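Engineer: Residue numbers (the working numbering), protein chains in the order written: chain A, 1 to 176; chain B, 1 to 141; chain C, 1 to 118.
Everything labelled a hint here was simulated from the structure, so no lab data went into it.
Some hints could be false.
To be verified - Now the stretches of chain A that chain B is said to cover, found in silico as 3 or more residues with beta-carbon under 8 Å:
| # | segment |
| --- | --- |
| 1 | 17-31 |
| 2 | 46-54 |
| 3 | 138-149 |
These numbers were taken from a predicted model, which means no experiment stands behind them.
C-beta: ideal position from N, C-alpha, C; glycine also.
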Amino acid sequence: MMAITAVTIARLRNLFAVVVLSTLYSFLMATVLVVLDAVDVALTEAAVGAGISTVLLLGTLYLTRSEEAVPVHRAWLPFGVALVVGGLLAFGTLGLPEFGRPDSDIHQHVAPRYLEQGKAETGVPNIVTAVLASYRGFDTLGETTVIFTAGVGIILLLRRSRSDESDRPTDRRDGS
Amino acid sequence: MRAQIVPRVVTKLFIPFVLMFALYVQFHGDYGPGGGFQAGVTLAAAIILYALIFGLPNARRVMPPWLVEAMIALGVLIFGAVGVAGMLRGEEFLDYSVLSADAVAGQHLGILLVEAGVCVTVAGVMLMIFYLFAGRGRRPS
Amino acid sequence: MNPLDYANYWIAMFLLVTGLFIVIARGNLVKKLVGLGIFQTSVYLLYIAPGKILGGTAPIIDPRFSVYSNPLPHVLILTAIVVGVATLALGLALVVRINEAYGSIEEDEVHALDLERD
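Using the sequences plus the hints, can you model the full thing?
Structural biologist: Shown next, in the form of C-alpha cells:
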C-alpha cells in the first residue's frame with residue numbers, strides 16, 4: 001500500500017494532492033513502525049511527518065502555486081538510473097541477515113548491554129529514552145544543535161526586515 | 001475561518017487536551033513511549049492549531065515571537081548546562097551520575113533535564129518556522 | 001531461503017528507488033522535497049526492520065517480557081526524523097525565496113531565467 005502511494009506521488013501533477021498523499025504515506029509508515037516494535041519512532045513519525053510537514057508543505061504551496069508544469073522531455077534517463085540503483089541494491093540485500101532472527105550481528109553488539117543494564121544504571125524503564133539522553137547524550141546534543149541551526153537559517157531566510165513590514169502593513173493575513 | 005462556529009468550539013475543547021498530552025508524553029517518556037522530541041512537536045502542533053482557527057495575530061499574542069526565539073536558544077543552553085554541571089562536579093561532560101547523591105537518581109534527573117531542553121528547542125523551532133511561513137503574505141504577482 | 005525473509009529490504013529498496021526517481025526526474029522543487037522525504041523514510045525502514053526480533057516486544061523494560069527488539073536503531077532514527085523535518089523546513093524556506101526572486105518553482109524555468117540574465 002505504501003508502494004502504491006509512493007508511485008502515485010511520482011505520477012501526480014497536482015501538488016495539493018501530492019501533499020495529502022504524503023501525509024497518508026507518513027501514517028502508513030507510522031503503522032509499519034508500530035508493527036516493528038519502534039513505538040517511540042512511530043509516535044514521532046506520526047506527529048512530525050503527518051502533522052508538521054503537512055502544515056509546512058501547505059504553507060509553501062499557499063505562498064507559491066499548486067500545479068506542476070508538464071515536463072518537456074520523457075524521463076527515461078532518470079528511470080534508467082533508478083533501475084540500475086535498484087538492481088545494485090537488490091544484489092546487496094542478498095548478503096544481509098534474514099528478517100527477525102535474534103542471532104544476527106546487530107543484536108550482538110552493545111544492544112544487549114543496554115537492555116540488561118539500562119534500567120539498573122539510569123532508573124528509566126524505556127531504554128530508548130535512556131540511550132537517547134544518557135548513553136548517547138553527545139549525539140542528541142549535536143542533533144539539538146542541528147535543529148537550532150536550521151531554525152536560525154530559516155529565520156535568516158524568511159524574516160522580513162523592519163522597513164519591509166512598514167511598507168505593506170495590510171497584506172499580513174490570518175494563518176491558513 | 002473566523003465565522004464558522006463548529007471548528008472554533010471544537011478547537012477550544014481540544015487544545016487543553018493536546019497540551020495535556022504533550023506534557024504527558026514529556027514526563028511519561030521515561031516509562032512509556034515518548035520524550036522531548038515528541039512533546040515538543042505536539043506542543044507546537046497545539047499552538048499551530050490555535051493559530052489556524054483563531055488567526056495568527058491571536059496566536060502571536062499567546063506566544064510572542066521573542067519568546068519563541070528565546071526558547072530556541074534556551075533549549076540548547078539547558079542541554080549544554082546539564083553537561084557542564086556534570087563536568088563541574090568532577091566527572092566527564094554529560095555524565096549525569098554526579099548530579100545527585102545517588103548515581104541512579106542523578107542519571108534520572110539528568111535525563112529529565114536534557115529531555116526538557118530538547119522539548120523547548122524543538123517546540124520553539126517548529127513554532128518559529130510556522131510563524132515565518134504563515135506571516136509571509138502571498139507575493140503580488 | 002524463504003523470499004519473505006528479505007521482503008523488508010525489498011520494500012525499503014523500492015521506496016528508496018521511487019524517491020530517487022522523483023528527486024532526479026521531477027523539475028518542481030516542492031515535489032523534489034516530497035521525493036526526498038520518501039527517500040528518507042525508506043532509510044528509516046531499512047534501519048528499524050533489522051532491529052526487530054520475532055516474538056520480541058518494544059524496548060520498555062517490564063517484568064512480564066524477556067525478549068526485546070533492539071533499541072539502538074530506534075534512537076538513531078528518532079533523531080533522524082526530527083533533523084529531517086528541520087532540513088525539510090529549510091528547503092521549503094529556500095523554495096519560497098526562489099519563488100520570490102524568480103516567480104517560479106520549476107527548475108527549468110529558473111535555469112532559463114538565469115541564462116537570460118547572463
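Engineer: Each of the hints needs a verdict: does it hold here or not?
Structural biologist: Verification of the supplied hints:
With a threshold of 8 Å between beta carbons, the proposed coverage of the segment 17-31 of chain A by chain B is violated, since 0 of its residues qualify and at least three are required. Here the segment 46-54 of chain A counts 4 residues with a CB under 8 Å from a CB of chain B, which clears the bar of 3, and the coverage holds. Here the segment 138-149 of chain A counts 7 residues with a CB under 8 Å from a CB of chain B, which clears the bar of 3, and the coverage holds.
Of the numbered hints listed earlier, the single one contradicted by the structure is hint 1.
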